[in-house]
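Build the full structure now, drawing on both the sequences and the hints.
Residue numbers for the sequence shown, in my numbering: 43 to 116.
Everything labelled a hint here was simulated from the structure, so no lab data went into it.
Be careful, since some hints might not be right.
[What the hints assert, rightly or not] Label-pair distances were calculated between CB atoms; the ranges are:
(1) K73 / D51: 14 to 24 Å
(2) T98 / K73: 17 to 27 Å
(3) D69 / Y99: 32 to 42 Å
(4) E105 / P52: 19 to 29 Å
(5) L43 / P104: 17 to 27 Å
(6) G78 / G110: 15 to 25 Å
(7) D69 / E105: 28 to 38 Å
(8) Q111 / Q67: 26 to 36 Å
(9) D69 / V95: 28 to 38 Å
Here a beta-carbon is modelled for each residue, glycine too, at the ideal position from N, C-alpha and C.
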Amino acid sequence: LEYLHDYADPPVIYRDFKASNILLQSDFNSKLSDFGLARLGPTEGKDHVSTRVMGTYGYCAPEYAMTGQLTAKS
43 LEYLHDYADP PVIYRDFKAS NILLQSDFNS KLSDFGLARL GPTEGKDHVS
93 TRVMGTYGYC APEYAMTGQL TAKS
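Okay, structure coming up:
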């Protein structure tokens, strides 16, 4: 997740972060799965991306659910 937000260019916002989308290898390295709802993050000095709210509501950030604005923190 840190790589997607801080090192990917443009950043990627993974919009369906929940326990069932985290896979563990036998040595307990974690891997994210199901990038179907992922979205390219803000670019060129912008701090958010506006979009229709998607993902599992119990797991999405409240400010994203209320405004539809994605940031790296949401």
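Cross-check of the supplied hints:
1. K73 / D51: 14 to 24 Å: At 21 Å between Cβs, range holds.
2. T98 / K73: 17 to 27 Å: Given about 19 Å between the Cβ atoms, the range holds.
3. D69 / Y99: 32 to 42 Å: Roughly 33 Å apart at Cβ, these two residues keep to the hinted range, so it holds.
4. E105 / P52: 19 to 29 Å: Taking Cβ atoms as reference, E105 and P52 lie about 21 Å apart, which means the hint holds.
5. L43 / P104: 17 to 27 Å: This hint holds: roughly 19 Å between Cβ atoms.
6. G78 / G110: 15 to 25 Å: 18 Å, holds
7. D69 / E105: 28 to 38 Å: About 36 Å separates the Cβ atoms of D69 and E105, which means 28 to 38 Å holds.
8. Q111 / Q67: 26 to 36 Å: 34 Å, holds
9. D69 / V95: 28 to 38 Å: 36 Å, holds
Violation of the numbered hints given earlier is absent; every hint is satisfied by the structure.
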